[in-house]
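Protein chains in written order, with numbering that gives the first Met the number 0: chain A, 0 to 436; chain B, 0 to 436.
Hints may be right or wrong, so weigh each one.
Since the list gives no way to pick one copy over another, a pair counts as held whenever it fits inside one copy or between any two copies.
Claimed, not checked - Derived EDC-like pairs (lysine to aspartate or glutamate); straight-line CA-CA distance at most 16 Å: (1) 351 - 363; (2) 331 - 222; (3) 261 - 23.
Source of the hints: derived by calculation from the structure; they are not laboratory data. A quick note: this is a predicted structure, and the numbers were derived from the prediction, not measured.
So you can see what is in the structure, the chains are spelled out below.
2 protein chains.
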Amino acid sequence: MQNIDTLVHAKWLIPIEPQATVYENYSIAIDKGRILALLPSEKANSHYKASEVHHFDKHALLPGLINTHGHAAMTLMRGLADDLPLMTWLNEHIWPTEAKWVSNEFVYDGSLIACAEMLRGGTTCFTDMYFFPEEVVRAAEQAQIRASVGLIVIDFPSAYAQDADEYLRKGLALHNQLRGNPLIKTSFAPHAPYTVADEALQKVNTLAEELDIPVQIHLHETEDEINQAVKETGKRPIERLEALGLLSSRLIAVHMTQLTDKDIQTLATYGVQVAHCPESNLKLASGFCPVQKLIDAGINVALGTDGAASNNDLDMFSEMRTAALLAKAVAKDARAVSAEQALRMATINGAKALGLDKEIGSLEVGKAADIIAVDLSALETQPMYNPVSQLVYVANRQQVSDVWVAGKHVVKQHQLTTLDSEQLCKTAQQWQQKINA
Amino acid sequence: MQNIDTLVHAKWLIPIEPQATVYENYSIAIDKGRILALLPSEKANSHYKASEVHHFDKHALLPGLINTHGHAAMTLMRGLADDLPLMTWLNEHIWPTEAKWVSNEFVYDGSLIACAEMLRGGTTCFTDMYFFPEEVVRAAEQAQIRASVGLIVIDFPSAYAQDADEYLRKGLALHNQLRGNPLIKTSFAPHAPYTVADEALQKVNTLAEELDIPVQIHLHETEDEINQAVKETGKRPIERLEALGLLSSRLIAVHMTQLTDKDIQTLATYGVQVAHCPESNLKLASGFCPVQKLIDAGINVALGTDGAASNNDLDMFSEMRTAALLAKAVAKDARAVSAEQALRMATINGAKALGLDKEIGSLEVGKAADIIAVDLSALETQPMYNPVSQLVYVANRQQVSDVWVAGKHVVKQHQLTTLDSEQLCKTAQQWQQKINA
Chain A
0 MQNIDTLVHA KWLIPIEPQA TVYENYSIAI DKGRILALLP SEKANSHYKA SEVHHFDKHA
60 LLPGLINTHG HAAMTLMRGL ADDLPLMTWL NEHIWPTEAK WVSNEFVYDG SLIACAEMLR
120 GGTTCFTDMY FFPEEVVRAA EQAQIRASVG LIVIDFPSAY AQDADEYLRK GLALHNQLRG
180 NPLIKTSFAP HAPYTVADEA LQKVNTLAEE LDIPVQIHLH ETEDEINQAV KETGKRPIER
240 LEALGLLSSR LIAVHMTQLT DKDIQTLATY GVQVAHCPES NLKLASGFCP VQKLIDAGIN
300 VALGTDGAAS NNDLDMFSEM RTAALLAKAV AKDARAVSAE QALRMATING AKALGLDKEI
360 GSLEVGKAAD IIAVDLSALE TQPMYNPVSQ LVYVANRQQV SDVWVAGKHV VKQHQLTTLD
420 SEQLCKTAQQ WQQKINA
Chain B
0 MQNIDTLVHA KWLIPIEPQA TVYENYSIAI DKGRILALLP SEKANSHYKA SEVHHFDKHA
60 LLPGLINTHG HAAMTLMRGL ADDLPLMTWL NEHIWPTEAK WVSNEFVYDG SLIACAEMLR
120 GGTTCFTDMY FFPEEVVRAA EQAQIRASVG LIVIDFPSAY AQDADEYLRK GLALHNQLRG
180 NPLIKTSFAP HAPYTVADEA LQKVNTLAEE LDIPVQIHLH ETEDEINQAV KETGKRPIER
240 LEALGLLSSR LIAVHMTQLT DKDIQTLATY GVQVAHCPES NLKLASGFCP VQKLIDAGIN
300 VALGTDGAAS NNDLDMFSEM RTAALLAKAV AKDARAVSAE QALRMATING AKALGLDKEI
360 GSLEVGKAAD IIAVDLSALE TQPMYNPVSQ LVYVANRQQV SDVWVAGKHV VKQHQLTTLD
420 SEQLCKTAQQ WQQKINA
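This is chain A alone, in the form it adopts within the complex (with noise of 0.2 Å):
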């Protein structure tokens, strides 16, 4: 008997690689946050003497899901302006209210608020970029969520800095004060094409290869983004970023739902990661990401969330369902991303855009415990023909009950160990009231 830290016996187990595998009463060994061996429970217990025990009997567990693209703090302005085209959403609602309220204070309250949210809906890393990436730090320590935090760059003046090369300065900061850590990783991240130059976007492309970290960028978002560059520059943002050597595997393009055959050949040629957001795709009426098209050229999508402004939530579970779903239709092929597919991009395909697949994205031996465990028993998922079907198709992120995340059990049965959620509901309402005011 070997004396181990934590054993996590599940009623099923999809460990995501191998592909395809559902394993039955199976269990979890977990030592010093990281996973020691996958099992059929009879073994199990004969195996180990865990400190900790845990029993799923109507539960599956899984890796815990990554949220490839976000604005954590904006969580603050949820629902604060809907059913707007993009530039009046931003332009009258967003950037009003970010120049008056953006400091500090609400990049901190914002993100822990969305740390909270992700954690209980099965999200245990999530990629992000906004202003003060310190508080986001801040938020995700104290929430004990892994993350890769965005160094944001934009060319225009903000409370957090004045010009690209401040922008710059404090991202490069921050990254050295991460340095070593284990659960907080960062990448850069620079805005869009038409919010950032040339010369900073090269700074920023020399500057990542250096450092060896992901850089994500907002991509090819609108029909009119693509318009307007190719108006101002003669180029289709996709052919300027390529001038500029930032096309490469290390660059994670954000939205993507303008793409000609000719731009999924060049993305595919340089390994570029895609991020895909269905729910504000749809819900900015930005258009359709073919995301099918993207699969069959070889490239690996991984799927975000975006901001709680423009979704309205930062639920995973609901955007593996759009994902499955919306391909379909827009492939005109019901087999396009099946259940299993929306799976791997919600899990491994997550990590691999974020250059974290060694480490995160699925269950396997030696990789860290970033474990969820969900409640299939309800009467809504019944019968139980396919438990991957049941949890892209029905479930949602009620049904997840336990999170752990580098073996921190940081969930326990609903509740967050790690934040105070009524807490958290009281700031909401205290920035609500500001902002509102």
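Based on these hints, arrange chain B on the given structure of chain A.
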């Protein structure tokens, strides 16, 4: 002080009529199954002495949701076959399973599970199209859910009936048996233009006019359906139904993903009702219903889940969200189908489609007390700038805490009062084992 049955106080009350109205700290007085009054909570306490008083300090009250298209019994095939084109799905999976198993018992058990799922998720009225409608009635009466049960007509033999005449005969007998039933109404349900011949469609039309009940039919669901019809009859299905005299405000046209501007004009001219099933249309890659164009043409658009075998749930919250999100991208306009419009589609528009808008679909004095309470207190629905936005874009059906149908408290603090959920789970599992064997 007036003695009444029930008084319900709530933080928010969303009556649907008048439009775009949200009352705060409001109450609803219920007596003999009907809405007696809507008034500010402080006044309510001095006007009424109720046998039962409920306080919902963190909830929104709204009319029960109306599911205008489904096949309740198919819940037993939830997740049996996913990610397949419509005809493969039907020919190789659904129809063989039905041929083997559909019986009185199958339909009763499946429908009872569906009724339980719908009530728990805030749906208080549904329409149905399936074999053995007598069993759907039996299940709905036991659950105490309101229904418009379809009298199915189809030109192929089943365990239920041998030919169109027998389907019609059995349907009429059921209709007669239900005369005067306060909860259960009927509608004719010819399956589709491609499965019902002209003669039977004309009989349906004559009888529907005589009995003054709706006719529901799958229509323009896929491109193949149109192409096949044009090849075989020289007419698009809508044109054929027009020639047969079926187009009228009595007709509920289900799906409608393939519509020319001329088709839309025709629908508007006759006042045809549309039951939009966005999740089923996506999952089967059937196409996109041009919802905003229909609304602009003055057509009443209601919402349906379709059966759980092609959705895979009977969740009207999810359907509202998908309808609102998808319509924007299809219309290329983020203003299309606002949260308010989506909520109307799931309530008053559904009531209109079923010819029941004098009875249900809004919280108005004199209407039946079909009411749901949705808990909006959790972190996930904070901050709260606009309850309607939260209900449509964020809330999940798990947040429905209480449900009344005709004043009867059928879901109390998430628990069904009319049915035993655990027993129904066991029933679902037994069918799963049989069907899988």
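Going down the list of hints, with the structure as the test:
Taking the shortest alpha-carbon separations for residue 351 and residue 363, only the intra-copy value of 15 Å comes in at or below 16 Å, while the best inter-copy value is 54 Å. Proximity of residue 331 and residue 222 under a CA criterion of 16 Å is satisfied inter-copy only: 10 Å between copies versus 22 Å inside one chain copy. Within a single copy, residue 261 and residue 23 get their C-alpha atoms no closer than 44 Å, and across copies no closer than 54 Å, so neither meets the 16 Å cut-off.
Hint compliance for this structure: hint 3 is the single one not met.
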